[in-house]
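Undergrad: Please construct the entire structure, taking both the sequences and the accompanying hints into account.
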Amino acid sequence: MMEGINWFDVGCLVLVVLFGLRGITNGIVKEIFGILGLIGGLFAAMRYKTMAGEWIAAKIPALQNANGVLSGDTTQVLIGFIAVLFGVWISCLIIGEIISKFFKWSGLGFVDKIGGFVFSVSKIFLIFAVIVTLASGPMSMNEQTKKYFESSKTAPIFLKIGNWILNLKDDPKIKQSLDSIGSKMDDKLLKDQNSTARMNSDQNQSTEPSDFNASSEVNSTERTKL
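Just so you know, the sequence shown maps onto residues 1 to 226 in the UniProt record's numbering.
Bear in mind the hints are in silico, worked out from the structure with no lab data behind them.
Heads up, the beta-carbon is just placed ideally off N, CA and C, and yes, glycines get one too.
Possibly wrong hints are sitting among the right ones.
[To be verified] Listed next, the in silico DSS-like pairs over lysine-lysine satisfying Cα-Cα at most 30 Å (straight line):
| # | residue 1 | residue 2 |
| --- | --- | --- |
| 1 | Lys173 | Lys160 |
| 2 | Lys59 | Lys191 |
| 3 | Lys113 | Lys160 |
| 4 | Lys123 | Lys153 |
[As the list claims (entries may be wrong)] Here are the simulated distance ranges between beta carbons:
| # | residue 1 | residue 2 | range |
| --- | --- | --- | --- |
| 5 | Leu93 | Met51 | 17 to 27 Å |
| 6 | Val10 | Pro172 | 34 to 44 Å |
| 7 | Ile99 | Gln176 | 31 to 41 Å |
| 8 | Tyr148 | Ile95 | 38 to 48 Å |
| 9 | Ser180 | Leu93 | 22 to 32 Å |
TA: Written out as structure tokens, the structure is:
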């Protein structure tokens, strides 16, 4: 074991290098579009899940019968959410693949690979920093992990960066932006719920007259027989 390096450091460095090698394989274009697809897919799914669920239910009649499994239109909304999320994500992956091919054909494949390595290493390093910071309390209190954590050379670096990332949520500008996004998502969710409630109410009202007419016809037939 190298001087001052313990098993905690070795484990972290090995994982960082492995993810970096994965970044070389994918390239920076695929890495970026993969993340954009997930983030964009989540936002798009939150916004269009109800509309997508209704469209899918109209195209697949069997799905309408599945609504009895869950309350109301929950099945449609869930399937709509998953469909939009994966649709956007896969679309971004395809776009990333096409652009990555362009980089390769244009002779910039080397730049794409190096950029993918740097991007992947930075991404996993930031993730580890947050995880180590959040786990620093329990790790320091546990006798089995305490000695590795306190003698680690990488832990102080992770803690410094992790604390900086976690403190960003208290930044006034970032907090205002997050509150604004949360407020918009809450408003959209409320509108979706109201829209679904109105739709169910309209369907119930349209069903009642037909039931009444059917009952009237039965009564009329019985009176005729008498």
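Undergrad: Checking each numbered hint in turn, tell me which of them this model violates, lowest number first.
TA: Structure breaks no hint.
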